[in-house]
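As given, the protein sequences belong to chains V and P, one line each in that order.
If you're matching positions, the first sequence starts at 1 in the numbering used here and goes up one per residue.
If you're matching positions, the second sequence starts at 1 in the numbering used here and goes up one per residue.
Warning: the hint list may mix true and false statements.
Stated by the list, open to error - Computed list of lysine-lysine pairs in DSS-like fashion (alpha-carbon distance at most 30 Å, straight line):
| # | chain 1 | residue 1 | chain 2 | residue 2 |
| --- | --- | --- | --- | --- |
| 1 | V | Lys63 | V | Lys221 |
| 2 | V | Lys309 | V | Lys118 |
| 3 | P | Lys86 | V | Lys124 |
| 4 | V | Lys246 | P | Lys99 |
| 5 | P | Lys18 | P | Lys166 |
| 6 | P | Lys177 | V | Lys63 |
| 7 | P | Lys86 | P | Lys177 |
| 8 | P | Lys191 | V | Lys10 |
| 9 | V | Lys118 | P | Lys191 |
As the list claims (entries may be wrong) - A short list of chain P residues far from chain V (calculated; beta carbon distances all over 10 Å):
| # | residue |
| --- | --- |
| 10 | Leu22 |
| 11 | Lys61 |
| 12 | Thr78 |
Keep in mind that the hints were calculated from the coordinates and are not lab data.
Note that CB positions come from ideal geometry on N, CA and C, so glycine has one too.
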Amino acid sequence: MTNQIIPSVKRRQIIELAESGKRTDGRSLTDIRRIEIKTNVIEKADGSATVRLGNTFVIAGVKFDSEKPPFSDSPNEGVLSVSAEFVPIASAEFETGPPDENAIELARVVDRGLRESKLLDTSKLCIIPGKKVWTVHVDIYILDHCGNLIDAAALAALSALLSSKMPKSDVKLRVVKVSGIEAEKISEFKVGGGVSEGFRFEEAKVEGGKSEEFKEISVEKAAEGYVPIPLRAIPINVTLAKIGDKLFVDPSLEEEEVMDCRLSVAFAEDDQKQEKICAMQKGGAGTLTPEELLRAVEIAKVKSQELRKLIPGGGR
Amino acid sequence: MEKKKLITDDGIRYDGRKLDELRPIKFQIGTLKNADGSAYVEWGRTKIIVGVFGPRESHPKHLALADRCRIQALYRMTPFSVEEWKSPAPSRRETELSKVIRESLEPAIFAEFFPRTTVDIFAEVLQADGSTRCAAISAASLALTDAGVPMRDLVSSVAVAKVEGKLVLDVMDLEDKQGDSDMPMALMPSKNVITLIQMDGLLTHEEFIQSVELAKRGCMEVYAKQREALEEHFKTVSKEEA
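Isolated chain V, as found in the complex (with noise of 0.2 Å):
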């Protein structure tokens, strides 16, 4: 997309426009354009959200996945994985394929919004200590593209974590006793419940058994009942793109054609309503003065407290 030659004529027709403080679809520079969300969506999903931005068309869904801790240094901590695809149907500049440096670029983005503002306890996440944790799949689909696909991203990824439920889990231990090279399979049973009702691997009691012996665990997600996601501080993302010497918030198509480069920020909000930036971005061959920096940040401030009105919960 970057590598289209600029077209100047519309380069200077947005910058003539920006003077009087206009914008080609008649926004003024700061408006958002009209945010429309659906949450619960796909009902095989654990969460999800469509956010249409303008004609901007982004889903989200979110899955539970039971998995060892994949991570040594945390074993009772679960996982925030955040992925996105740019898929062909969404643009004509889309290509088939592995995420390109811009699918990566964005999930990394709204990835960092999730993860720096604390908006998920990954402790409350825990199955069984050490063993097993559930993994949270944020899978975000681009399905049109109509500019600022990181903002609509965000914002679908972020409802559909909030829609989300977290599945109760059937824990299954399969106890084995080693002797000798032989592995003798002594049973198998199912220890209900999940996080909330704080089952723990050590509080599992097995007649005879000592904790060693346990050498396989399987965890389903329980056919019915569901607890809920452990949701702190939500993280709202507003990007600008800086085009000549001004800066546009939520960016259309056409203006990221000719942008000299996009701020992103991220704010969290806590429980004390203490505002926070939780994470930045810059994108684009552009650079920004510091001064053009700190303003941007100052208006993309404004904007978030005008987006998170929308976010149910959002202003918590």
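Following the hints, complete the assembly by docking chain P onto the known chain V.
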């Protein structure tokens, strides 16, 4: 992992530095024979070698740009550069860093002088101890200069972190892991424009403004070291040619 106390009560950091002090930085220019331009940097324990090829014919040709030179950057970490073995396959992090490194250098290059060509920038992280993208950017701008690529300015980069409630300049790995925030920034020093800004962690608005200020000062110090290395390099080059 047990947390270490990283800053003493008198404001001295784990490795003996003051809060606003850079690690020892040593740039070496022209370290590779085959690359058109190269630079090696030792930035504390962070060690990175950067090679630049081009402007050269674009490959594949359809990626060539009609009005300017295509800039490509590839940031890679060797499997032995970190505590635990890192798979040599490119990670999502490396892909993102390659992109932001390219975008931080592109504004400094007169790309319009060489339409239809490509400049390749390869940064190999030999040892990582924090601030690798900043070290790679700073070294890459020297390698570009060494390759004779016309530049508007050098690009100087440094990261500011919040550690134990205090803002510190030039983040090392331990501080990054235990700290509350990390903010890498790159500056074209004589133009006073920012070409890279990223941030993660929690900062108040006021802390952010202070971080930018501190990063700017750090970038200027890196800039002085880059100029020193350039002068040193070209002194020896002119002697060899004489």
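Exercise for the section: Please work out if Lys118 (chain V) and Lys191 (chain P) have their alpha carbons no farther apart than 30 Å. Expected result: 37 Å, violated
Problem - Distance restraint between Lys63 (chain V) and Lys221 (chain V), which requires alpha-carbon spacing of 30 Å or less - result: Holds. Lys63 (chain V) to Lys221 (chain V) sits at ~11 Å (cutoff 30 Å).
Practice task
Would you mind confirming whether the straight-line C-alpha gap from Lys191 (chain P) to Lys10 (chain V) stays at or under 30 Å?
Solution key: 27 Å, holds
Practice task
Verify that the Cβ of Lys61 (chain P) lies farther than 10 Å from every Cβ atom of chain V, and report whether the claim holds or is violated.
Solution key: At about 13 Å from chain V, Lys61 (chain P) clears the 10 Å cut-off, so the statement holds.
Problem - Leu22 (chain P) remote from chain V - nearest C-beta pair above 10 Å - result: 19 Å, holds
Practice task
Could you grab the alpha-carbon distance between Lys18 (chain P) and Lys166 (chain P) and see if it respects the 30 Å cut-off?
Solution key: 11 Å, holds
Practice task
Starting from Lys177 (chain P), check that the Cα of Lys63 (chain V) is at most 30 Å away, please.
Solution key: 28 Å, holds
Exercise for the section: Quickly compare the C-alpha distance for Lys86 (chain P) and Lys124 (chain V) to 30 Å and report which way the hint goes. Expected result: Holds: Lys86 (chain P) and Lys124 (chain V) sit about 29 Å apart, inside 30 Å.
Exercise for the section: Please work out if Lys309 (chain V) and Lys118 (chain V) have their alpha carbons no farther apart than 30 Å. Expected result: 19 Å, holds
Problem - Lys86 (chain P) paired with Lys177 (chain P) [C-alpha distance capped at 30 Å] - result: Since the Cα atoms of Lys86 (chain P) and Lys177 (chain P) sit roughly 17 Å apart, the hinted pair holds (cutoff 30 Å).
Problem - Distance restraint between Lys246 (chain V) and Lys99 (chain P), which requires alpha-carbon spacing of 30 Å or less - result: 24 Å, holds
Problem - Verdict on Thr78 (chain P) as a residue remote from chain V, using beta-carbon distances over 10 Å - result: Non-interface label on Thr78 (chain P) holds, nearest chain V Cβ at 21 Å vs cutoff 10 Å.
Violated hint for the displayed structure: number 9, the only one.
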